[in-house]
Amino acid sequence: MLQGKLLEQIGQSTSYQMAILIIICAIALQLVNNHRAALLLLFLQYVLLAIYVGPRVYGPLALLQAGIGLAVCLILLVSINHLRKNGFAAKQPVMASRWLYRVSVVIFSSLAAYGLWRTNILQLNWLEGMVGYFLVSVGLVMAAISDDPLRLGFGILVSINGFETASVFMNQGLLVMGMWGVIAILLALTIAAGTEIWLEGQEKAVNS
Amino acid sequence: MAGRTGKGSELVTILWLFLLPLFGAVLVIGVRRWPIVVVSITAAILLAMVTLAAGITHTEYSFLLGRLIELSPSLGSILAYCYLLMAILALASFRSVYPTLNYAFMLLFISLVTATLATEDGTLGALLFSASAIVLVLGIVSSSSDKSLASLRVLSVIVLIGPLLLLAVWALEHRALDPNNISLMRLGAVSLILVIILGLGLLPLGFWLPSIYKKGNPIAIISSFILQLVLVVRLRDILYLNMWPDGQAAVAGVTVIIATITVVGAGILVVFQSDVGGILAYTAIADMGVLTIGLCLGTSESTQVSLLHFAYRGLALAGGSIGLGIIKTSSGSDALSAIRGGWHNNRLAVLGTLMCGLSLVGMPLTAGFTTKLSTLSAMGTNRTANIIAITAASLGPALAWGRFALATQGSQERVAAPSQVIASIFCCIFGVVLVVCGVYPRLLTLIVPDFIEKLASISQLLLW
Numbered sequence: 001m002l003q004g005k006l007l008e009q010i011g012q013s014t015s016y017q018m019a020i021l022i023i024i025c026a027i028a029l030q031l032v033n034n035h036r037a038a039l040l041l042l043f044l045q046y047v048l049l050a051i052y053v054g055p056r057v058y059g060p061l062a063l064l065q066a067g068i069g070l071a072v073c074l075i076l077l078v079s080i081n082h083l084r085k086n087g088f089a090a091k092q093p094v095m096a097s098r099w100l101y102r103v104s105v106v107i108f109s110s111l112a113a114y115g116l117w118r119t120n121i122l123q124l125n126w127l128e129g130m131v132g133y134f135l136v137s138v139g140l141v142m143a144a145i146s147d148d149p150l151r152l153g154f155g156i157l158v159s160i161n162g163f164e165t166a167s168v169f170m171n172q173g174l175l176v177m178g179m180w181g182v183i184a185i186l187l188a189l190t191i192a193a194g195t196e197i198w199l200e201g202q203e204k205a206v207n208s
Numbered sequence: 001m002a003g004r005t006g007k008g009s010e011l012v013t014i015l016w017l018f019l020l021p022l023f024g025a026v027l028v029i030g031v032r033r034w035p036i037v038v039v040s041i042t043a044a045i046l047l048a049m050v051t052l053a054a055g056i057t058h059t060e061y062s063f064l065l066g067r068l069i070e071l072s073p074s075l076g077s078i079l080a081y082c083y084l085l086m087a088i089l090a091l092a093s094f095r096s097v098y099p100t101l102n103y104a105f106m107l108l109f110i111s112l113v114t115a116t117l118a119t120e121d122g123t124l125g126a127l128l129f130s131a132s133a134i135v136l137v138l139g140i141v142s143s144s145s146d147k148s149l150a151s152l153r154v155l156s157v158i159v160l161i162g163p164l165l166l167l168a169v170w171a172l173e174h175r176a177l178d179p180n181n182i183s184l185m186r187l188g189a190v191s192l193i194l195v196i197i198l199g200l201g202l203l204p205l206g207f208w209l210p211s212i213y214k215k216g217n218p219i220a221i222i223s224s225f226i227l228q229l230v231l232v233v234r235l236r237d238i239l240y241l242n243m244w245p246d247g248q249a250a251v252a253g254v255t256v257i258i259a260t261i262t263v264v265g266a267g268i269l270v271v272f273q274s275d276v277g278g279i280l281a282y283t284a285i286a287d288m289g290v291l292t293i294g295l296c297l298g299t300s301e302s303t304q305v306s307l308l309h310f311a312y313r314g315l316a317l318a319g320g321s322i323g324l325g326i327i328k329t330s331s332g333s334d335a336l337s338a339i340r341g342g343w344h345n346n347r348l349a350v351l352g353t354l355m356c357g358l359s360l361v362g363m364p365l366t367a368g369f370t371t372k373l374s375t376l377s378a379m380g381t382n383r384t385a386n387i388i389a390i391t392a393a394s395l396g397p398a399l400a401w402g403r404f405a406l407a408t409q410g411s412q413e414r415v416a417a418p419s420q421v422i423a424s425i426f427c428c429i430f431g432v433v434l435v436v437c438g439v440y441p442r443l444l445t446l447i448v449p450d451f452i453e454k455l456a457s458i459s460q461l462l463l464w
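Residue numbers (this note's numbering), protein chains in the order written: chain A, 1 to 208; chain B, 1 to 464.
Note that these hints are calculated values from the structure, not bench results. Hints are not guaranteed to be accurate.
Taking lysine to any residue and the SDA-like style, the derived pairs with C-alpha atoms no more than 20 Å apart in a straight line are [claimed, not checked]:
{"#": "1", "chain 1": "B", "residue 1": "Lys-454", "chain 2": "B", "residue 2": "Thr-57"}
{"#": "2", "chain 1": "B", "residue 1": "Lys-214", "chain 2": "A", "residue 2": "Gly-201"}
{"#": "3", "chain 1": "A", "residue 1": "Lys-204", "chain 2": "B", "residue 2": "Gly-332"}
{"#": "4", "chain 1": "A", "residue 1": "Lys-204", "chain 2": "B", "residue 2": "Ser-144"}
{"#": "5", "chain 1": "B", "residue 1": "Lys-214", "chain 2": "A", "residue 2": "Glu-200"}
{"#": "6", "chain 1": "B", "residue 1": "Lys-454", "chain 2": "B", "residue 2": "Ser-374"}
{"#": "7", "chain 1": "A", "residue 1": "Lys-204", "chain 2": "B", "residue 2": "Ser-333"}
{"#": "8", "chain 1": "B", "residue 1": "Lys-454", "chain 2": "B", "residue 2": "Pro-441"}
So here's chain B without its partners, still in its complex pose (with noise of 0.2 Å):
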C-alpha cells in the first residue's frame, strides 16, 4: 500500500467518475427527443471527466462493500484519453444521425470502463468487463438495422471474454496457493491466451471485430477500441501478479505466434474486401497484431512504444471512424462502388480517412510508422522471419486503401444527407495530427517538455 493516499475528498473522484456518467445515461435518456441538448449534454459530461480524471496527481484509494478501488494518475490519464476521443466523437456527431439513445449507452459504457479499471479485485473486475462488453453490443443493437443477427452473434462471443478472464484470475490465484498444481497452471494460461485472442480480436477468432466496424457507428468502434484498452490493462495486472515464474514468458511466445499469424492472415483478407468498414476493421486487427507483439515483448522500451501506438491507434480509429461514417451517410452505402465523386463531394473527410488509414496501416509519415518501425526493431534479429512476414503483410492493407483512394475519384450526385462538415473538420483534424506526429516525433516533447517521463510512467500499466 506504499504511496497510495486515501482521504474522504479523494473517494469522491472516483465516485463522481463513475456516477457521472450514470447520471448522464437517464439524462439523456429522458431528453432524448432533443438531439441537441443529447449530444450537448454527452459532450460536457464527457469534458467534465476529462478535467476529473486528468486532476488526480496521486494515487486515490478507497474500499467499497469489502473491495479495494484505486485510481492512480497513470491510470487516471488513460481514462483522461478514453473520455477525450468520446468527447470529441460526440461533438463532431453533432449533426449526424446517431440515434439519441446510443449517447445514453455511450455514457453507461464509460461508466463500466471507469469501474473495471478502478477495481484492484480480479473478479469483479471480471464481471465489470463483462458488462462493458454487452453495453458495447447494446450500444450497437440500438444503432443499426441488422437482419442477419449479426451483432447477437458478437453478443455471444464478446460475453465469453468475462467468463474466461475470471476462470484465468481463479486458477492462477488458486495455482498462487498450490504451486505444484499444473492442471490449474495450464487452466490459468489456455483461458489468458484465450482471452487475448478473442478481447484484442486477433484471428482466428476475432471476427466479431469486422462486424462492429461495418456497421459503420464511430461511438460503437472506439468503444471496442476502449474495451481493447482495458483489457489490456486488466491483463496486465493478472500477468504481472498471479503468473509462476516463466508462465509470462510462455504465454508471451505463444501471443507473439498468434499476433504473427493474426498481422499476415488481416494484411491478406484486407485486399479481398469490398467497403470501406471492412477495409478498415481488418487493417485495425492487423495493427493490433504489430501492438500485440510489442506489448509481448515486455521490456519498457518496447512497452512505451506499445503505449504510444495505443494513442496513435486510438487517434486514427476515431478519425477513420468518423470518416467512414460520413462516407457511408452521405453515398448511401460504403461499398468502394457506390462512393465514386466521394472526393468531390467530401474532400476532408476522404483526406482524413486516408490519412488515419494509412497510419494504422504504418505507412512512412505517418505516425503509426514510427511505432511499428520501433516494435519490428525491438523485436531483434532472431525473430527475422516474423519481421519479413510482418513487414510484407502491410502491402495488403496499403493496396486496399489505395483502392480506396481510387474509388472515391470521378463524379456522381451526392445523395440527399445532412451536412457533417464539423464531423468532416475533426476526421480531418485527426489525420493531419498523425501526419504532423509521423513527420515530427519530437513534436510530442516539445508540447509536453516532461513527456518522456509521463510515457514511462504510464506504460508501467501495459507492462505485461
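Looking at chain A on its own, in the form it has when it is part of the complex (with noise of 0.2 Å):
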C-alpha cells in the first residue's frame, strides 16, 4: 500500500516536472530567433507531451505521438534547410528592442493563459488545464504576430498541440487520437509548402 501511495507520488511529481518543462519550452520557442532551435524546441515540445499524457492513454499511443512529433520536425525541417540555403534564415543577431517585443508578448500570452486557466472552461483539473491553455494561447499569440512563415507555423503547431491535449484528456479514442496525428501532419506538410511558396515569393521580388 505504501509502495502504491509511492507510485502515485511518483507518478504526479513526474506530471508536475512535465507540465513545467512543456510551458518553459512553449516560452523558449516563441523567444528563440533561430529557426533549428525552434525546431528542436517544438520537438521536445512532443516528446514531452508524449510522456505527459502517456500514463492516461493507451501506451503505444504516446509513442505514436512521439513519432508524429518526430515526422512533423522532419517535414519542417527540409524547409528550414531550404531558407538557409538561400540566405532566408534568421542568421543576424537579435536586437535588444526585438527581444523586449518577445518578452512582452511571452508575458501578454502567459496573462492570456491564466485567463482562460482561471475561468476553466474545459473544466479539466489545475495541471491538465495549465498545459492546455498556456500551449493554446501561446501558439495563438505567435501565430498572429509572426510575420515568418516558419514561425508562423510554429504557432500553429503548438496551438494544436493545446487542443489536442485539453481534447485527450476529455477523449482517448484511438480513432480521435489518430485524427490529431493525421491533423499534425497535414499542417506541417501545409505549413512547409506554403514556406516554399513564400521563399518563391521573396526570392522573385529580390530578382525584380
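Join the two chains, each given in its own frame, into one complex according to the hints.
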C-alpha cells in the first residue's frame, strides 16, 4: 500500500515536472530566433507531451504521438534547410528592442493563458488545464504576430498541440488520437508548402 | 435507428465513396507528368462517385471502430451535387494550367468531406472537418505564388474552426447531462456562434474567404463552398440534437444580426474592390449573409429556400470562378484596369461570369433573385429594418458588377495564353442555367416531377 502511494506520488511529481518543462519549452520557442533551435524545441515539446499524456492513454499511443512529432519536425527541417540555402534564415543577432518585444509577447500570452486557466472553461484539473490553455494561447499569439512563415507555422502547431492535449483528457479514443496525428502531419505539409511558396515569392521580388 | 437498414453490401458504397478518391489521389500523384491523364482520371472518378452517391435509395449505416457511419439518400444527393460540381470543374480545366498536384488535393479533400458527412460522431466529425479545411489550404498553397503569407494566414484562421466545433459539441453534450450548468451552456453557444462566423465567412472574422477567391483558382473556390455546405449540415446535427430549449432561437437571433451586418458590410466593401476576384469574394460573402439568415429563420419553407439558394450559389460560384480563372489567365491579371478588351477577346467567359455574379447579387431575372426574394419575404414584417438594409446593400455588388462589365469594354491585345474554349463554354452554361432558372423557376419541377418533395426531404439536413 505504501509502495502504491509512493508510485502515485512519483507519477504526480513527474506530471508536475513535465507540465513545467512543456511550458518552458513553449516560452523558449517564442523567444528563440534561430529556426533550427525552434524546431528542436518543438520536437522536445512533442516528446514531453507524449510522456505527459502517456499514463492517461493506451501506452503505444504516446509513442505514436512522439513519432508524429518526429515526422512533423523532419518535414519542417527540409523547409528550414531550403530557407538557409537561399539566405532567408534568421542569421543576424536579435536587437534589444526585438527581445523586449518578444518578452512582452510572452507576458501577454501568459496572461491570456492565466485568464483561460482561471475560468477553466473545459473543466480540466488545474495541471491539465495549465498545459492545455498555455499552449493554445502561446500558439495563437505566436501565429497571429509572426511575419515569418515558419514561426507562424510553429505557432499553429503549438496551439494545435494545446487543443490536442485538452481533447485527449476528455476523449482518449484511438480514432480521435489518430485523427489528431493526421491533422498534425497535414499541417506540417501545408506549412512546408507555404514556406516554399513564400520563398519563391521573395526570390522573385528580390530578382525583380 | 428506425428507418435505417444496414447490410454488408451497403457498407461497400460508403467505403467506395471514401476510398475511391483516396486511391485516385495516389494515382494522380503517380501520373502527374501527364496533365490530360490527370484531368481524365479525376473527372472519371468524380463522375463515378456522382453515380454511386445519387444511387443511394435508403439509409445505409455501419460501424467503423465503434463509430456509427451513415449515409441517407438526402446526404447522398448533397454529396452527388458536390461531386458533380467538382467533376465539371475538372472537365472545364481540360486545357488549363492548374498544377496537377491540385487535382490530387481535390480528391483527398472530397474523400475527407465524404467521411465528415458520413460520420455521426460529433468529435470525429469535427476533426475530419478540420483535416478537410487543412487540405483545402494545402491545395491553395500548391497552386499559386504567395509572398505575403496569405495562405498561411488563412490556415491559422481556418484551423481554429475544428477545435471550436469540438468545444461546442463537448460543451453541449455535457450540458445535456447537467442541464443546470449555465457556464457549459454559454460556452456551447459562444463556440457555436464563433464556428458559424468563422466557417461561413461572416464579418468581422470572415476575411479568410477573399484571400482564397483572389487567387482565382476555381478548385479552391468551390472547395471552400463545399466546406461551408458541410459545416451547415454538421451544425444542423449539433443545433438539432444538443441544444437546450430556446437555445436554437438564441443562437439564431445573434446570427441573424451578424449576418445582416455581413450583408451590409460586404455590400459596402465590394464597391472598393479593384479586381474581379475581390468583387466575386465580397459578393459571395454578402450572399452568404442572406443564406445564413434564411437558415436561421428555421421554418421548413425558409430551409427549403435556403437549400435551393445553396444549390444556385454553388452554380454561380462554379461559373464565376471558372470565368475569373479565364480572365486572369488571358489578361495576365484580374485587376479591372487590366481586363480592358476582355469582352472582345473572350465574350463567353465575360458573359458567363457576369450572369453568375448577378445571380449572386440577387438581380431580377436570375435564379438568385427568386431565392433571395423568398428569404426576405420569409423574414416577416417585424424585421422590416433588416429587409430594407439588405435590399439597399445589394446596390454595392450590383454597382461592382456594372464596373466589371464596363471594364471589359474597349480593345486591347490578348496576352499569350492557352485556349480556354471548353472552360468558357462551361462558364457560359452555368450563367445561362441561372438565368433560365430565374426567368422560369417552374422549370425544375418540369424536369424533376417530384422536385418539391425531394427538396423538402433534403432540406431536413439543413434545418437549424
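Hints breached by this structure: When the structure is compared with the hints, none of them turns out to be violated.
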